[in-house]
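**Student:** Protein sequences, first through last, are from chains B and S. For what it's worth, the numbering used here labels the leading residue of the first sequence as 1, then goes sequentially. For what it's worth, the numbering used here labels the leading residue of the second sequence as 678, then goes sequentially.
Don't read these hints as lab results, they were simulated from the structure.
Label-pair ranges, simulated between beta-carbon atoms:
id, chain 1, residue 1, chain 2, residue 2, range
1, S, H1215, B, S115, 15 to 25 Å
2, B, A507, S, H1203, 31 to 41 Å
3, S, S949, B, H91, 36 to 46 Å
4, B, A50, S, T900, 27 to 37 Å
5, S, D895, B, R580, 49 to 59 Å
6, S, E979, B, A507, 42 to 52 Å
7, S, K855, B, E229, 11 to 21 Å
8, S, P819, B, D646, 27 to 37 Å
9, S, T900, B, L298, 27 to 37 Å
Where chain S lies over chain B, by a calculated footprint (3+ residues, C-beta under 8 Å):
id, region
10, 140-148
11, 472-485
12, 535-549
13, 593-600
Only a predicted model underlies this, so the values are computations on that prediction, with no experimental measurement involved. Where is the CB? At the ideal position from N, CA and C, for every residue including glycine.
2 protein chains.
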Amino acid sequence: MRALRLTGFLFLLTGLGLAQNQPPLNLMPMPASVQTGSGQLPITPSFSVAVTGAHDASLDSGVQRFSKQLSHLTGIPLRPGASSAPTLTVHVEHGRDAVQRLGEDESYELAVSDSGATLNAATPLGALRGMQTFLQLVNITPTGFAAPAVTIKDQPRFPWRGMLVDVSRHFIPIDVLKRNLDGMAAVKMNVLHWHLSDDQGFRAESKKFPKLTAMGSDGMFYTQEEIREFIAYAHERGIRVVPEFDIPGHSRSWMIGYPELASGPGPYTLESGDPVMDPTRESTYKFLETFIAEMAKLFPDEYFHIGGDEVDGKQWNANPKIQQFIKAHGMKNNQDLQAYFNQRLEKILAKNHKIMVGWDEILHPDLPKTIVVQSWRGQQSLAVAAEQGYRGLLSYGYYLDLMWPTSRHYAIDPMSGAAANLTAEQKKLILGGESCQWAEWVTPENIDSHIWPRNAAIAERLWSPQDVVDVNSMYARMHAISLELESLGLTHNSARQRMLHRMAGTADTSALRVLADVVEPVKDYHRWSEEKGPIDFHAPLNRLIDAAYPESDTAREFSDLVETFAKSGYKDEAAEAQIRNWLTLWRNNDAKLHPLLEQSELLHEDVPISQNLAMLGAAGLQALDYLDKGQPEPELWTTQQMAVVDQSKKPVAGLLLQVTPPVEELVQAASAPAPSK
Amino acid sequence: MRALRLTGFLFLLTGLGLAQNQPPLNLMPMPASVQTGSGQLPITPSFSVAVTGAHDASLDSGVQRFSKQLSHLTGIPLRPGASSAPTLTVHVEHGRDAVQRLGEDESYELAVSDSGATLNAATPLGALRGMQTFLQLVNITPTGFAAPAVTIKDQPRFPWRGMLVDVSRHFIPIDVLKRNLDGMAAVKMNVLHWHLSDDQGFRAESKKFPKLTAMGSDGMFYTQEEIREFIAYAHERGIRVVPEFDIPGHSRSWMIGYPELASGPGPYTLESGDPVMDPTRESTYKFLETFIAEMAKLFPDEYFHIGGDEVDGKQWNANPKIQQFIKAHGMKNNQDLQAYFNQRLEKILAKNHKIMVGWDEILHPDLPKTIVVQSWRGQQSLAVAAEQGYRGLLSYGYYLDLMWPTSRHYAIDPMSGAAANLTAEQKKLILGGESCQWAEWVTPENIDSHIWPRNAAIAERLWSPQDVVDVNSMYARMHAISLELESLGLTHNSARQRMLHRMAGTADTSALRVLADVVEPVKDYHRWSEEKGPIDFHAPLNRLIDAAYPESDTAREFSDLVETFAKSGYKDEAAEAQIRNWLTLWRNNDAKLHPLLEQSELLHEDVPISQNLAMLGAAGLQALDYLDKGQPEPELWTTQQMAVVDQSKKPVAGLLLQVTPPVEELVQAASAPAPSK
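Start from the sequences, fold in the hints, and give me the full structure.
**Tutor:** Below, the structure is given as C-alpha cells:
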C-alpha cells in the first residue's frame, strides 16, 4: 500500500490511473485521504450488505437505496437480504435524530479489498456519504464490475454544502426536485435551500393565509403534505431543507392576496408592481408571527431563510408615514429600517426556535451574532461578516444561472479572496456555501442540465480539501459523475436530445447536434437584456438556447487540442489531424443543417450561427494549410478571416459560438511570420 | 378540399407530403378516412380547449392530459382554463360508464381549419381517441407549431386491440406499466392483458391466499391498492385491464405456497418442478371459487383470462387417481380433462359475472359459445374457433419477444390466412388481437424498447382499414410516432444510450453505437437455446443483446440503398456515395472500438462481430470498386468475400449483423459478369 497525500500530484495520477491496470478513481468530491491497494472487489449477483452497530431505520432505507443504485449502475439484479458472508459491512456507532443538525458528523472510513469492503462511520449520515463513494468506485473492468482496493478516510471541509433552487419564477414539480436531491446526495451536498416565494409566485401552501398561493401563484404550488413528504425524502438522503420566504422585497406574490402588507397602494398582479413590505405597521408583524409559526412547524430545520435582498426603497421613500417612522425612531435611512424589520423578524423566529439566515444585505450591527449571512454580492462581504463575528455562506461565484464554465466556479473558494486574511477564529465562522439555481430561464425539462454536472464541481469545492484544484482532473472526474447521475435518473443529457427532436420535427438531428455541441448560452445577465420590458415567465423555453449545455465539452476539448498543437510549434501531427477532423465537420455542417433550420420556426434564428460555424471551419482549415506549408498567408487573408472571427464572436439567438477563440488562434498563428526552418 | 380514400396511393402521398408545403400526416394508426384541406391551425400559448355536450369527469381529466401532452410536445406552456374563443372544441353526446365495455363506441370526427378545430364523438372514449389524433397532427413548421387543415372520420376496425404484458418472468413495476399505458393510448390500443401469474412468479396480491405472493414470488408483486389505482389509470386512458391467471399449467408459482393444488407431490420452488393443477379434486375448485371471487371484484372488466396453454400432461399421466378419474368420467384423454376443468372454471366465472378468455388450447366443444379464444399457435386456430362459433383474438404473429422486424408483424392480419374464407357472420366473431410481450428477456430498463415502436404498427393493423398496408409509409410514420412516444415519457430510445454507457464505462460510446446500430438480437426462440438448462431469471440483462433494438433502422435503410443502387444498374451515383460512406464507417469502426471491447467484460463477447463488421465494410468497398470499373473481380476474390459473408451471418453473442445480406448482394453483383458497356 502506498499512502498519497491529496496534492496536484495525486490528481495527475487519478487522471491516468492510480496504478497500472487500475482504472482512475472517478470520485467527486475527492475524499480527504485515499490510499490505493492492489486488486479489486468484484461486484457479482451475490453482492450483499450487512449493517452492524447501532440500528437506524434511515440507514436501513439508505442501504436499500444503495443496493438499488448499485443494481442500476451495473445492471446486476441485487436482492436485499442477509448473507452469511456480506460483501460490504456497514457499521455505525449512533442512530440519527429526526432532524438533521448543522455540523452533524459526516465522516466515514471505507476500506475495500479484493475479498470485501467495510464502511465505518460514527453516524448513519457518514455511512450514507461512504456508500455514495463506494458507488463511484465501481467500474466496468475486463473481468466484470469491480471496486478497486482502496482505503478512504473522509470528512467534509465545510458543514454547510447547499444548493438553492428557485421555484418561484418557474415552478418545478416535486418529482423533478426529488431527482435533484438524488443528485445532491450523490455528490454529498447536504442542504436544499428552497426559494419558495418571490415576486413571480408563492409556492408553499399556507393554511393560515390561503390567498398566498390561491392569488399569489399561477395555481402551481406545493401542498403541506407534499412538503412534508419532500422533507422526509431529503432527510433520508442526509439533506436538510431550509425554506426561504424572501421579505421585505421580492415579495409581490404576497401582496396580490394581502395588499395590506405593502408599503404602497395596491392592487398588485403577479406581473406588475414592485411592492415592498411595510415594516412600520404592527399588522405586518402580526401577519408574520402567524405565518412564521405555521411554517416553523412545517419546516423542521433549525435554520429559516428570510431573504432580505435587493429591497427597493422607492415605496418606502414615497410613503410619508414610513419616512415619518424612520425619523421618529432615530433611524438614518432605509437600511436602518430594514435592520429594524429584521430585528423584529429575528425575535419572531427565535420564539419559534429558528435561526435567521438572510442575504448579505441583512448584515447590520443591530442584529444578534446568531444569524447567518449568505453572501451573493462578492467574496468580500463574507469576510466582512466574519470580521464582525457573523457566520456566513458563500454563494457569490456559484450562480449556476449565469452559465459560467465549471472551471470558473471551481476556482472560487470560500476561504480565498478577502477571507484568506481572516484569523483562524473568524474562518471558523464560514460555514460553507451554496450553489444557486435561479429560475428565470428554466423549466422542469431543462433544469437538470442547468444544474448538472457543474454542480458536482461546486460540491467538491465545499467538501474536499482546499488543495484539490486540478482543473483537468476535475473535468475528467466530472465526466464520469455526469454519467453516473444520468444513470441515477437525472436528465441533464437525455433531455437535450428530446428538445432537439422537438425543434427538428421528424428530421435527423445529427447536424443540429454538431451545432448544439459547440454553442453555449450567453453569460451573466446578457439574456435578460434581450428581453424588451419585463420577462414573460409563461413564454415557451423551447429554443436552442434552452437546450444548449451551459458549457460545451467539444469547445473545451478543441481548445485544448489547439493549445497542444501550438505548444508543439504546430508540428504535432496527431493533434493536427484531430483539429482537421473537427474543422472539416464544421465547415461541411451548414450545408446539411441549413434546410432543417429553414423548416422549423424554432430554428430560423440559428441560420447565421450555423453559417458562422461553417466559415470558422473553412478559416481554420486554410490556416492549417498555411501553417503546414510554413509560408505566409496572402495579403488580405488575415483581414478577411479576422472579420469572420469577429462576426462569430457576436451572440446569435442568445448563443455564443465557443470554438471561435481557438480558431482565432490558428488564424493568427498562420498570419505570424513563418518560424525559421 | 380533396377527398382521399385510404389506399396505397394515399400512403405514397403521406410519405411525400399531402400537398405542396404541407408536412406529411404522420398518423398512426392511420384513420379510416382523411380529407386534407388547405392552411393550418397555429398552436400558440393562447391555445385552449372547450368541452361541450355531456359532462364526464374522465373526459375532463383527458382534456387536461391532452393539454399537458401538447405542451410537452411543443414546449409551449398551456394553462388550462376557459376561453371565450377556444382553439379546439370537444363535444360528446354521452358520459362513460364506470367500467369500459368491449365494443363501446370509439368513433370520432375531427375537423381542423386554420381558425380552429372541432372534435365530435358519441362518447368520451371517441373523444380520447380523437385527441390523440390531434396530437399526432401537430408539427413544427416554418411558421411555428401547427396542425394542418384536415377532416378526419375515424373508427376502429376491431373492438379488441390489446397488448399482453408478462410480469411474471421479470417483474415490471407499476410506473413502467403506466408509461406503457400512455404509449398504448397514443396508438389507440384499448386492452392491457396483464399476465399476472406464471411458473416464475405470482404478482397480484390475494388477501384470501397471501402465500400466493409471499411464497410464489421474489417479493415483487402488486398490492390490491396498486392494482385498483392502475386500473383507474388505464380507464382514464380508455384502456380495459384484463387479468390473466394462467391455469392449470404454467402455475408453479401457485404451488410453492399451496402444493395441495398440484397433481403431483411437492414441494416446489420457484426455480424447479413442473406442477399442473389437479382438476379432479373438489378442493381445487373450492380454492378457485374463493380466489376468483376475490379477483373478480378487484378487476372490474367483464373478461377474465384463465390461460389454459401448454398443459404438460406428465403429472396427470403419472397420477393414477387422475387417470382413474378420466376413465370414470368417460373421458378420452388429458384434453378432455382440461375441458372438464375449464367447464367448471367457466361456471365459477359466470357466477362472478365474468366471461372466460383462454389460449387456443381451451377450444373444446363442451365449452359454451360465450368464451373467447386467444390464438397464439397460428392463424388457423382463430378460423377454426370462428367456424365453431367461438369469438377469437389473434396473437399469433404479434409476439414482440420474438424480435421480428415490424414489417413481419404488420403483414399479419386477423382476417387473412384461413380467416379470409370465413363467412361474414363468422368474421364478426373475430374481435381483434393482442401483441404479446413475454418477459423472459426484459427488465424495467429495456422493456420499452422491446415493445416500441413496433407495437404501434400492430396497433395500426388492428385499428385501420385492412387496405392500409404500405410498408414504406408505415416505417416513415412509425418513426414520427416513435419520437412522439419518447416525448411522452417512454424510454425505448434513451435507455439504450444509458445501457451502452454502462458497458463502456466512461469511454466515448460513438463507435459502440455504430456497431449497436447494425445488430439485432437473434430471432424467435434462438436465445433460449443459448442457455444451458433452465433460464436464470435473476441473471443480469446488461449485455449488448439486451440493449440492441429488435429492428435495426440503419440496416433496413442501408438495404434499401443497395436495392436502389442495384435497380439503377449500379449507376446511381448518389446512392453509391451514401453506400460508400456507410461501408467506410464500418470498415474503420473496429479499430476505434476494439480497445473498448477489450476493456469491458460486458463487451468482450462482441469482439468477433465488430471484426466481422469491419470485414464486411472492406468487402463492400472492394465490390463497389469492381462495379465502378466494370471489370471482373480477380480469381478467388468472391470466394474470400463470401467466406466473410458466411461468417458474418452466424450469430455472435446472440446478435445478428443485419447489414450482411445487402453487402452480400454487392459482392455477388461484383462477381457477376460485367454488364456490356
